[in-house]
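Trainee: Chain by chain, the residues:
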Amino acid sequence: MTGGRVCGDENVVLSNVAPVDKALPGELTFLSGAKNYATHLESAKTTRAAALIAPEDAPELPLPSLRLKNPYMGLVKALQFFFPEEKPGYLIHPAAFVSEDADVAEDAIVGPMAVVEAGACIGSGARICSQAFVGRGARVGRNSLIHPGARILHGCEVGENCIIHANAVIGSDGFGFTLDNGVHIKVPQVGNVVVEDNVEIGACVTVDRATMETTRIGEGSKIDNMVHIAHNVQIGKKCVIVAQVGISGSTILEDYVTLAGQVGTVGHVRVGKGATVAARGVVTGDVEPGSFVSGFPIKPHSEERKILAALRKLPDLLKKVRDLEKQLETKE
Amino acid sequence: MTGGRVCGDENVVLSNVAPVDKALPGELTFLSGAKNYATHLESAKTTRAAALIAPEDAPELPLPSLRLKNPYMGLVKALQFFFPEEKPGYLIHPAAFVSEDADVAEDAIVGPMAVVEAGACIGSGARICSQAFVGRGARVGRNSLIHPGARILHGCEVGENCIIHANAVIGSDGFGFTLDNGVHIKVPQVGNVVVEDNVEIGACVTVDRATMETTRIGEGSKIDNMVHIAHNVQIGKKCVIVAQVGISGSTILEDYVTLAGQVGTVGHVRVGKGATVAARGVVTGDVEPGSFVSGFPIKPHSEERKILAALRKLPDLLKKVRDLEKQLETKE
Amino acid sequence: MTGGRVCGDENVVLSNVAPVDKALPGELTFLSGAKNYATHLESAKTTRAAALIAPEDAPELPLPSLRLKNPYMGLVKALQFFFPEEKPGYLIHPAAFVSEDADVAEDAIVGPMAVVEAGACIGSGARICSQAFVGRGARVGRNSLIHPGARILHGCEVGENCIIHANAVIGSDGFGFTLDNGVHIKVPQVGNVVVEDNVEIGACVTVDRATMETTRIGEGSKIDNMVHIAHNVQIGKKCVIVAQVGISGSTILEDYVTLAGQVGTVGHVRVGKGATVAARGVVTGDVEPGSFVSGFPIKPHSEERKILAALRKLPDLLKKVRDLEKQLETKE
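These protein sequence lines map, in sequence, to chains B, C and R. Our numbering puts the first residue of the first sequence at 1, with every later residue one more than the last. Our numbering puts the first residue of the second sequence at 1, with every later residue one more than the last. Our numbering puts the first residue of the third sequence at 1, with every later residue one more than the last.
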């Protein structure tokens, strides 16, 4: 199933998967390649588990093991096997409201108190959970999962195999006003949001619709909880955006960009392909492809680290300079 | 309709409004006065659009144009014209729950799965979208729009012509406890929130009710997504609060204050009329009216910029001081 | 009722509780022991209130007073007395959806448009408000209050006497992926969240379920609005977490920890018992029990304050060092 190499007894029967220090007899466990690898390896010698997923190059172990280049992929497959997704016993729940002008695939699921408005389109195998909302003319692609309370507002599109977590909002109005005699006049936000295939969007995320045209989240991008994405933002393919990031209007993230937790961007900047912005950074200008930047204003991460280290010496430096000044004065 | 001056053919028939580089034949486009003005002007020479909204002082252009002092106001009007708000084909939807003790105007709209509790009052022309909530004794004023999943909790008031975006929460409890023998005892939060007229509140915003009395958001203020407003905060008229700002308890913002993205305030401070706090600033004390401040702790923006520039020289400065010390030592 | 000592007329009849400068004749007011104590004391001399709650050691006052060691506890009791919680006139509302396979206590309340799925368990005296969600196999303990739009997702547990505010999400998936040939593969998140007794969780908070096992929020902890708690986090007992904090995966907070507003933590760190992290701090490593830390990276608060003070002298310091260099040059 996982394509790895088995070391030891091939006929072990397994009942569950659990961490190495918690697994019970009969369970499968795993050795991650992560930073706690050494500790895990130690635990593996005393685990009660019946078998173990391990990196290919792990030392010999006292229990049958499945060797994989990427043991995490083995864990993913084991978790999928032991915890298959549960489907409810209904398709369109009688307590849902689905407009007769909506186009819902025959095998799609719509939970109680969910709303699917006129002109909306729900693809085959998609699931609109309890109390979720799919607005007028919005589309949810095949096999996508819209969790309870998530809102796909009018005219927005979610691709195939996407996951939109609870209470996320796709398609709120962009924050756009023009001043007319000291009064903020709302610029109508008439664009939409397109979420491409294989995207995951966290709980309580907000993605604003474009003023005109489209706010876009590229194929395979993964967005953590409570991220704010403003109007007209363009997010490339396979980006990773960690919790509580805020992306200002018209920002462009090229493909494979990573924004760590609580990062912010000013508007109208471009973050180049494969660039990473470290946690809490503020993207104050364009970022070179492939670079690793941090701080406020943004700068190469190595420079930021030197500055942060130097800062701890600053109070002492003030004293030193005062001393130097005195010494020079004395000499004069 | 927009009150501007027409240059060129007055009889052009227009079908849509779109950005200058995307407009199709027969469409209206616009030249903004913003930072990309030069680029836009260049695009205007080759646009396929049939007509253009431009600033009064723009150069002569190869297509009919409407000249306005504030071309954005022309864009606003064009967007309102080409994208009129769609009203649903119902008033109180049969799948809504409206208490018989609620007072809902004859022409108000209440969407499916929305809840309007006893004693609530919904004004003429107001719209409570699908799955929104208006609690016991709460009020929503004339022509206000409450988006899907927004919660106007018991006793809170929303004025006229307001927009409350999806999944926003108006009237959650303030975060108030008193320690009694090492245990945090909840201080009941019995006040409310008043949102005055013409206010817009973004998706997933939370506004806490006052402990006693009222948390207030002043007339015409605009609040972006995911802003947190704590109990007893007083926000003046026509303030602008950008995404992910956090405002601590009992903070006072006077009129016309701007807080840029991800700003925080400590509690019990006053931000003076017309002051601006730059992005990520932390308001650690009172802010003078009309000032432009930033950083943590808060200081004049010009000072903060000098500090940030100086910071990049700090690692080098450490070396220089070490050199100076050595030189002085050698001399002795 | 409050256990204090009465000074003056014991037979005053009171109709409400209000702040000292706003109270009307016949109302009760209070003198807090907080930072505005002196101002409050002055107001107490002219208040129209009929009686006053005051600290034991307050001076003699011109109106009857109730003397308490912790006057806030008196305020809590007065607020509870004058503002008793209103219960709706139904138990399970006809517009709720409760699975016939759910176990709902006889005296529990379930509001309109709420959903309680199969296998869920709602304890005695608990209240699931309008449009709230309790998923498959989830549990809500005795006397807990789940506000409108809050989501207790499948398999998660909320203890007794808890309050979960509007639109909070308990049990969203952790943000876990493994790279397989440049593609992010989702690691199934099959654990849950356990919220112990007496916990309060703010509006729009998100708590992710553990990858395996449990994300835990300890007894009596209080969490403000819009806090993000990642998968596998362990929060101890009686912690206080202020608004917009982000806690990364597998972080451990021991008991009595305080995280002030907008704090962030990197993953896999431990914050020791009773430690406090000041607002906006970034917990970049383990924190000693009982310590008071701040900044990014985290350091003793006293050190951070010295650095912030020194920073304001940095631009001037650059000039001074340049001068010193010149002086030395001249001397050579």
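These are calculated hints, taken from the structure and not from any lab test. Please note that the accuracy of each hint is not assured.
You can't tell identical chains apart in this list, so a pair holds if it fits in one copy or across any two.
As the list claims (entries may be wrong) - With a Cα cut of at most 20 angstroms, we get these calculated SDA-like pairs of lysine to any residue:
(1) K306 / F296
(2) K313 / G274
(3) K69 / I185
(4) K313 / T284
(5) K319 / L308
(6) K299 / I252
(7) K306 / L318
(8) K87 / K186
(9) K313 / P55
(10) K320 / T330
(11) K69 / E10
(12) K326 / F177
(13) K299 / V269
(14) K77 / N161
(15) K273 / S250
(16) K306 / G155
(17) K22 / V6
(18) K313 / S302
These figures come from a predicted structure and were not determined experimentally.
Trainee: When no copy is named, should K299 and I252 be tagged within, between, both, or neither for a Cα gap of at most 20 angstroms?
Mentor: Answer is within; shortest intra-copy Cα gap is 18 angstroms, inter-copy 31 angstroms.
Trainee: At most 20 angstroms between CA atoms: does that hold for K299 and V269 within a copy, between copies, both, or neither?
Mentor: Within one copy only: 14 angstroms inside a chain, 26 angstroms across chains, cut-off 20 angstroms.
Trainee: Cα distance capped at 20 angstroms. Does K69 pair with E10 within a copy, between copies, both, or neither?
Mentor: within (19 angstroms within a copy, 70 angstroms between copies)
Trainee: Reference check for the pair K320 and T330, CA-CA at most 20 angstroms: within, between, both, or neither?
Mentor: both (15 angstroms within a copy, 17 angstroms between copies)
Trainee: At most 20 angstroms between CA atoms: does that hold for K326 and F177 within a copy, between copies, both, or neither?
Mentor: neither (57 angstroms within a copy, 53 angstroms between copies)
Trainee: Tell me, please, which holds for K87 and K186 at an alpha-carbon limit of 20 angstroms: within, between, both or neither?
Mentor: Answer is between; shortest inter-copy Cα gap is 19 angstroms, intra-copy 43 angstroms.
Trainee: Since the copies are identical, ignore which copy is meant and state whether K306 and L318 lie within 20 angstroms (CA to CA) inside a copy, between copies, both or neither.
Mentor: For K306 and L318, the Cα distance is within 20 angstroms both inside one copy (18 angstroms) and across copies (11 angstroms).
Trainee: If the cutoff is 20 angstroms on CA atoms, where do K319 and L308 land: within, between, both or neither? Let me know, please.
Mentor: both (19 angstroms within a copy, 15 angstroms between copies)
Trainee: What label fits K313 with G274 when the C-alpha limit is 20 angstroms: within, between, both, or neither?
Mentor: Neither: 34 angstroms inside a copy, 28 angstroms across copies.
Trainee: Classify it for me, K313 with T284: is the Cα-Cα distance of at most 20 angstroms met within a copy, between copies, both or neither?
Mentor: The answer is between: 19 angstroms across copies meets 20 angstroms, while 26 angstroms in one copy does not.
Trainee: Up to 20 angstroms between alpha-carbons, please classify K306 paired with G155: within, between, both or neither.
Mentor: The answer is neither: 48 angstroms in one copy and 46 angstroms across copies each exceed 20 angstroms.
Trainee: At most 20 angstroms between alpha carbons: which applies to K306 and F296, within, between, both or neither?
Mentor: Result: close both inside a copy and across copies, 14 angstroms intra and 13 angstroms inter.
In this structure, the hints that do not hold are numbers 2, 9, 12, 16, 17, in rising order.
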